[in-house]
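Sequence lines, in order, name chains A and B.
For the first sequence, the residue numbers in this note's numbering are 221 to 696.
For the second sequence, the residue numbers in this note's numbering are 75 to 285.
Any given hint could be a false lead.
[Unchecked claim] As a list, the in silico EDC-like pairs of lysine to aspartate or glutamate whose alpha-carbon atoms are at most 16 Å apart:
no.	chain 1	residue 1	chain 2	residue 2
1	A	K235	B	D266
2	B	K115	A	D638
3	A	K235	B	E270
4	B	K115	A	E304
5	B	K115	A	D300
6	A	K235	A	D385
7	A	K483	B	E282
8	A	K235	B	D277
The hints are simulated quantities; they were obtained by calculation from the structure and are not laboratory data.
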Amino acid sequence: MSDRTLYDKVWERHKVRELPNGQDQLFVGTHLIHEVTSPQPFAELRERGIDVAFPERNVATTDHIVPTDPETRDDRPLADDSAEQMLSALEQNTEEAGITFYGLNSDRQGIAHVMGPDVGATQPGTTIVCGDSHTATHGAFGAVAFGIGTSQVRDVLASGCVAADKSDVRRVEVTGELPDGTVAKDVILKIIGDLGVDGGVGYAYEYGGPTVARMAMEGRMAVCNMSIEGGARVGYVNPDETTYEYLRGREFVPEGRAFDERKRYWESVGSDDDAVYDDVVEVDVDGLAPMVTWGTTPGQVAPVDEPVPAPADLPADEREAAVAAQEHTEVTPGEPIAGHPVDVAFIGTCTNGRASDFRQAAAVVEGHEVADGVRALAVPGSTTVKRTLEEEGVDRVFRDAGWEWREAGCSMCLAMNDDALRGDERCASSSNRNYVGRQGSNDGRTFLMSPAMVAAAAVEGAVADVREFDTGGVLR
Amino acid sequence: MTVEAPDAPDDLRVTRVAGTGVAVRGDDVDTDQIIPARFLKSTTWEGLDEYAFYDNRRDDDGEITGDHPFDRPEHRGASVLVVNENFGCGSSREHAPRALRRWGVEAIVGESFAEIFADNCKSLGMVAAEAPPGVVAELQDLVEENPEAGLEVDVAEERVVYGGNEVDVHVDEAMREALIQGVWDTTTLMRDALDETREVARDLPYVEEVG
Numbered sequence: 221m222s223d224r225t226l227y228d229k230v231w232e233r234h235k236v237r238e239l240p241n242g243q244d245q246l247f248v249g250t251h252l253i254h255e256v257t258s259p260q261p262f263a264e265l266r267e268r269g270i271d272v273a274f275p276e277r278n279v280a281t282t283d284h285i286v287p288t289d290p291e292t293r294d295d296r297p298l299a300d301d302s303a304e305q306m307l308s309a310l311e312q313n314t315e316e317a318g319i320t321f322y323g324l325n326s327d328r329q330g331i332a333h334v335m336g337p338d339v340g341a342t343q344p345g346t347t348i349v350c351g352d353s354h355t356a357t358h359g360a361f362g363a364v365a366f367g368i369g370t371s372q373v374r375d376v377l378a379s380g381c382v383a384a385d386k387s388d389v390r391r392v393e394v395t396g397e398l399p400d401g402t403v404a405k406d407v408i409l410k411i412i413g414d415l416g417v418d419g420g421v422g423y424a425y426e427y428g429g430p431t432v433a434r435m436a437m438e439g440r441m442a443v444c445n446m447s448i449e450g451g452a453r454v455g456y457v458n459p460d461e462t463t464y465e466y467l468r469g470r471e472f473v474p475e476g477r478a479f480d481e482r483k484r485y486w487e488s489v490g491s492d493d494d495a496v497y498d499d500v501v502e503v504d505v506d507g508l509a510p511m512v513t514w515g516t517t518p519g520q521v522a523p524v525d526e527p528v529p530a531p532a533d534l535p536a537d538e539r540e541a542a543v544a545a546q547e548h549t550e551v552t553p554g555e556p557i558a559g560h561p562v563d564v565a566f567i568g569t570c571t572n573g574r575a576s577d578f579r580q581a582a583a584v585v586e587g588h589e590v591a592d593g594v595r596a597l598a599v600p601g602s603t604t605v606k607r608t609l610e611e612e613g614v615d616r617v618f619r620d621a622g623w624e625w626r627e628a629g630c631s632m633c634l635a636m637n638d639d640a641l642r643g644d645e646r647c648a649s650s651s652n653r654n655y656v657g658r659q660g661s662n663d664g665r666t667f668l669m670s671p672a673m674v675a676a677a678a679v680e681g682a683v684a685d686v687r688e689f690d691t692g693g694v695l696r
Numbered sequence: 075m076t077v078e079a080p081d082a083p084d085d086l087r088v089t090r091v092a093g094t095g096v097a098v099r100g101d102d103v104d105t106d107q108i109i110p111a112r113f114l115k116s117t118t119w120e121g122l123d124e125y126a127f128y129d130n131r132r133d134d135d136g137e138i139t140g141d142h143p144f145d146r147p148e149h150r151g152a153s154v155l156v157v158n159e160n161f162g163c164g165s166s167r168e169h170a171p172r173a174l175r176r177w178g179v180e181a182i183v184g185e186s187f188a189e190i191f192a193d194n195c196k197s198l199g200m201v202a203a204e205a206p207p208g209v210v211a212e213l214q215d216l217v218e219e220n221p222e223a224g225l226e227v228d229v230a231e232e233r234v235v236y237g238g239n240e241v242d243v244h245v246d247e248a249m250r251e252a253l254i255q256g257v258w259d260t261t262t263l264m265r266d267a268l269d270e271t272r273e274v275a276r277d278l279p280y281v282e283e284v285g
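Just chain A, with the same shape it has in the complex:
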């Protein structure tokens, strides 16, 4: 059983009591709310005559259903009736409960997992939950953060707590020097490929080692974000100076002496040198190549320049799924995925919708027009990210090359708004899931990769190797 890890320490500090079924009642430091998983819980509380217990521990925004088309962004009611109902419900619910809400007209609006870090609501040593499976993103800061279901959202609103089972802790030790052209996204895709899409079930993943220590916060967020694709509900990185400096000066972070005091707490929650783990795995990224998924789960992934595996070469229990997946994606086993045609390029999401993701992609986009017939969408993860990039002129780079520069939202990751694949389109995507139908068309095909790789695919009209582009050292 793990001991003296960040996970253990944060858990103990937030434990209120043990529940009759043996689970722990954990205090929730920050509850992030969005429009898709909150209307029913608020309605149920109203029916039960219960108010929100700790409104100040909640922060709400709108992300899943929002239009990203700049032309229609400000139209209310929203053109989509059901989207309008969800947004209106959230506006009304947060106002009644006295919960901070970053709505469509707020310059803080964004994907919950981009907004939290933007404003500094995401901090080390906290517990963070949200009715969204990608909540582990916040673990990049040394928070214990995990996705919950809608009934659990009701629990959190009513009690400020969540009922949870403590997981085992697996240390994922990442060593080696990331080669030019590879980034955090390639690391997490490799980890999922190595450990499997259910390898993390029952575990909290602690990512560490020299490679993670050198990563900027955005990279750590991309890694932690996709923990759930590897089966782990929780993923985190111990906080360090990179974390503290990222947080300094952000809205929710105290200043001056209060900052120093807060920092002492942050420093105290990291895993001890002699911490005990339930499991340790080492992942070496020396020689890593850009990774691209070839199938319909994030674990069906290969380096861009290596042959897509033939099902017969895979372990027996993976063959049937691989055959079905390759039939769907129409990749050719035995040949590298590079060169596989692409109709849509999509950069954004809670995985890769941060400023540095677009800056990296821009190094490829600059001076390279989008290939004929390719629809290319750049969708910043938050309005803050969008404004930052616009101030730097990054938006111009994308626009000049033929990209659509959109407003912030979840967009084509899951196509709950108008941003969807059509028919059997093939999409190079910086998102996190390549499930059948995920991007809004049951026949659509998704190829997951890093933002710069998506940009390269947009230029070539096919999956391409970003290492063949001169990116001026941005991807180093």
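Dock chain B against chain A, hints included.
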């Protein structure tokens, strides 16, 4: 501290599920398959029964093909779903178990479940029991070859009984206790501890004021 289970009304206790079965085969069935995201655009839980495996049940023209187990007449009324590995992975959408529930599923037996999905089952008082691949294969064959066969999932005894046979399954302790005690709706239970919760919050350096 621990807290004693409150006396739950008997109709909240889930000790066994008995009925006929239906098998959905395949590893890593994600919640986008169980219910596509476009059906999450609602402020209520209405209509979910129509959406379970919506796209998998239809052809390119949106017509029900009739081939999916959920559309086979012999599986109408089934209450035990038998699945393979990592069922319910992906999105945290509680709409997924709810859609299955509305279709008629009261218990799922599978090789393994994604954690959030299993948690969501528990929140609904729905059973998710784990069984080794051999047992799952046996049960899937059984319900396909003999859809009339009755199955009983016994939560307390952690076993499935069918046609005079009996196989062991595993029900996660927290789920098992919650179902047996009838305390799977934890909202009121946890709200009862607001004072203790405030104490924990006050001890946290980052919580500046406790409401």
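*Which of the stated hints cannot be reconciled with the structure, identified by number in ascending sequence?*
none
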